[in-house]
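> Listed here are the chains, written in short residue letters.
2 protein chains.
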Amino acid sequence: MKKHNFSAGPCILPQSVFKEASQAILDFNNSGLSILEISHRSKDFVAVMDEAQELVLELLGLKNKGYKALFLQGGASMQFLMVAYNLLEKKAAYLNTGTWSSKAIKEAKLFGEVVEVASSKEKNFNYIPKNYTIPADADYFHCTSNNTIFGTQIKEFPATDLPIVCDMSSDIFSREIDFSKFDLIYAGAQKNMGPAGTTLVVVKEEVLGKVSREIPSMMNYAVHISKESMFNTPAVYAVYVSMLTLRWIKSKGGIQAMEQKNNRKAELIYGEIDRNPLFTGFAAKEDRSVMNATFNLKDESHQEKFDMMWKEAGVNGLNGHRSVGGYRASMYNALSLESVQVVVDFMQELERKV
Amino acid sequence: MKKHNFSAGPCILPQSVFKEASQAILDFNNSGLSILEISHRSKDFVAVMDEAQELVLELLGLKNKGYKALFLQGGASMQFLMVAYNLLEKKAAYLNTGTWSSKAIKEAKLFGEVVEVASSKEKNFNYIPKNYTIPADADYFHCTSNNTIFGTQIKEFPATDLPIVCDMSSDIFSREIDFSKFDLIYAGAQKNMGPAGTTLVVVKEEVLGKVSREIPSMMNYAVHISKESMFNTPAVYAVYVSMLTLRWIKSKGGIQAMEQKNNRKAELIYGEIDRNPLFTGFAAKEDRSVMNATFNLKDESHQEKFDMMWKEAGVNGLNGHRSVGGYRASMYNALSLESVQVVVDFMQELERKV
Chain L
141 MKKHNFSAGP CILPQSVFKE ASQAILDFNN SGLSILEISH RSKDFVAVMD
191 EAQELVLELL GLKNKGYKAL FLQGGASMQF LMVAYNLLEK KAAYLNTGTW
241 SSKAIKEAKL FGEVVEVASS KEKNFNYIPK NYTIPADADY FHCTSNNTIF
291 GTQIKEFPAT DLPIVCDMSS DIFSREIDFS KFDLIYAGAQ KNMGPAGTTL
341 VVVKEEVLGK VSREIPSMMN YAVHISKESM FNTPAVYAVY VSMLTLRWIK
391 SKGGIQAMEQ KNNRKAELIY GEIDRNPLFT GFAAKEDRSV MNATFNLKDE
441 SHQEKFDMMW KEAGVNGLNG HRSVGGYRAS MYNALSLESV QVVVDFMQEL
491 ERKV
Chain G
141 MKKHNFSAGP CILPQSVFKE ASQAILDFNN SGLSILEISH RSKDFVAVMD
191 EAQELVLELL GLKNKGYKAL FLQGGASMQF LMVAYNLLEK KAAYLNTGTW
241 SSKAIKEAKL FGEVVEVASS KEKNFNYIPK NYTIPADADY FHCTSNNTIF
291 GTQIKEFPAT DLPIVCDMSS DIFSREIDFS KFDLIYAGAQ KNMGPAGTTL
341 VVVKEEVLGK VSREIPSMMN YAVHISKESM FNTPAVYAVY VSMLTLRWIK
391 SKGGIQAMEQ KNNRKAELIY GEIDRNPLFT GFAAKEDRSV MNATFNLKDE
441 SHQEKFDMMW KEAGVNGLNG HRSVGGYRAS MYNALSLESV QVVVDFMQEL
491 ERKV
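Residue numbers (this note's numbering), protein chains in the order written: chain L, 141 to 494; chain G, 141 to 494.
Note that these hints are calculated values from the structure, not bench results.
Hints may be right or wrong, so weigh each one.
If chains are identical, the list can't say which one is meant, so a pair holds when it fits in one copy or spans any two.
[What the hints assert, rightly or not] Taking lysine-lysine and the DSSO-like style, the derived pairs with C-alpha atoms no more than 30 angstroms apart in a straight line are:
{"hint": "1", "residue 1": "Lys263", "residue 2": "Lys142"}
{"hint": "2", "residue 1": "Lys401", "residue 2": "Lys321"}
{"hint": "3", "residue 1": "Lys230", "residue 2": "Lys246"}
{"hint": "4", "residue 1": "Lys231", "residue 2": "Lys183"}
{"hint": "5", "residue 1": "Lys159", "residue 2": "Lys142"}
{"hint": "6", "residue 1": "Lys350", "residue 2": "Lys249"}
{"hint": "7", "residue 1": "Lys367", "residue 2": "Lys451"}
{"hint": "8", "residue 1": "Lys321", "residue 2": "Lys231"}
{"hint": "9", "residue 1": "Lys246", "residue 2": "Lys295"}
Predicted model, so just to flag it, every value in this text is computed and none were measured.
Next comes chain L alone, as it looks inside the complex:
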């Protein structure tokens, strides 16, 4: 049975990527060796790392603009710490839009003063705060572009002269943005870029080297840049599968093409959420995420019936996060419009049946 994978992350990746990634476990590049047993210093793997870094900058439109792309380990959670280690001298400004922003703030506080410029916590993070003031003397401004758990997404980033740091874990490569407005972007791979186990950092080199503390080697972006993401053994396979996924994005028309497809999927499901009298959307309409649509049944007594329908039809990962309840349709790049249609059909079938 065909599966429709709405998992919030790790999540669906293209089938063609799985096929090539499976073959490379048996024989990589006709070398007679598995990609799992080759040296990360081998010519073949260095080429993978180079291509992955190159594709990132190309797809984001950041080539020859002073940026470096790094593939590190530890997920976005490690970046909460590394960002502060490298950039926070005295004070930093953070926008709090959910669980991940809150965690980023907590870690940054170990390194200096953190000003929370705004928060939507009082409404269980169901909207993106706007019209807040960013202190001009902060070292940087930090935000989370998409909130996987609550299904909100920043549509317009604030104008500020400060360096902007953005956690784009759950929507990078999904929509066109002027990425050159950002000084540091980070993203756990396991949404639109690849499998769990590697983390992308895109950093404008000029923002580094400005803090006075001594930074441990593994925490130091400058060290990783100087070694081209090979200061120590990288997550070879996760970088390889990310490279395959980036190639796939490029072959399909780049971020522009992804955005068009993602918008169609989002329109389809939000249209049904708004039309269907049984359901209600969780996030404020103007802040709805194109990646993660969060919605609830108005009457929870229908839950058992609805869950049985979609589970029997091979739909995976539609359950909402415990902080929100209800449902969450995570519609990353590789998810087809057809899969979204399957869920919409069940929402309509439920309406007919109850």
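Could you slot chain G onto chain L? The hints should help.
Okay, now just chain G, sitting in the frame of chain L:
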């Protein structure tokens, strides 16, 4: 052509592991989903993580002895930092036996006083120092059990009342040791345990919680223990392949069986190094590593001829590290005696030809 993979790491793993690991990319546990696209919170993956942690403690003989096994990210290099963050209050004692020990010392110095109890640096780390004194007032003693680059291995660990921390990246699961003598063991997976991208930490819980500093969440062993290695998204696939490799070790008879096979391989190659008048071993005999045999040609003019022989025969990764030159035969658990025999045959053929 069959390959004989002597790569120092990432390195050879069992062929049966590659086969199962390749299949799981296409369809994991007959779920219709790739292991790369499932949630790390899914029942199927939680079972993988649990089994991997359980197998580690079982194979090391550490079940029900107050230890926890963790699968983290960042490699041994991240552990250089985490060990100091969690255990170094005032002073720590380090034995310097090579590149990795030196790096561990460098990172620890950011957190307190580091006493280098002994070093073999003056002889390019070709031996393991002995009869050194460990200061009784140190917070812990740190050593590296096997030195991949130089081909030395600690045969007898020092007697001390301090907690012992050991980097076992390149020989864990290869030989029987009383692992309960150690309070914290860490190891990058990419030698005997799995692919690059995950790092094993085995820690006796009672040594934690004794430093006064605030530890960032991702650096804090106690946080990772409380979340059973799932504080954030783990390196799903690297943990899975490690679990398969641990299962393989167990099915073959555990560490005892690995050690017997490893000793036969080491005897074979070191016997030839000592017998063959063209070659000389790099490491002091009593400290020779069973994992990594380092050796050089007495007359480097034979190098081209020897290299051509083994490269044409499908031998991979026999070149020595630049710090030592010559050759390095890394003979991890999955390498067959037959592969070692192939190299020994070429060493003998070279002797006949020159």
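> Would you mind marking each hint as holding or not holding in the structure?
Evaluation of the provided hints:
1. Lys263 to Lys142: Classified as neither; 38 angstroms inside a copy, 62 angstroms across copies.
2. Lys401 to Lys321: Only inside one copy: Lys401 and Lys321 sit 24 angstroms apart there, 58 angstroms across copies, limit 30 angstroms.
3. Lys230 to Lys246: both (15 angstroms within a copy, 26 angstroms between copies)
4. Lys231 to Lys183: Result: close neither inside a copy nor across copies, 43 angstroms intra and 42 angstroms inter.
5. Lys159 to Lys142: For Lys159 and Lys142, both the intra-copy (16 angstroms) and inter-copy (24 angstroms) Cα distances are at most 30 angstroms.
6. Lys350 to Lys249: Answer is both; intra-copy 18 angstroms and inter-copy 22 angstroms each pass.
7. Lys367 to Lys451: between (47 angstroms within a copy, 28 angstroms between copies)
8. Lys321 to Lys231: Classified as within: same-chain Cα gap 21 angstroms, cross-chain 45 angstroms, threshold 30 angstroms.
9. Lys246 to Lys295: within (25 angstroms within a copy, 44 angstroms between copies)
Going down the numbered hints, you'll see the structure goes against 1, 4, while the others check out.
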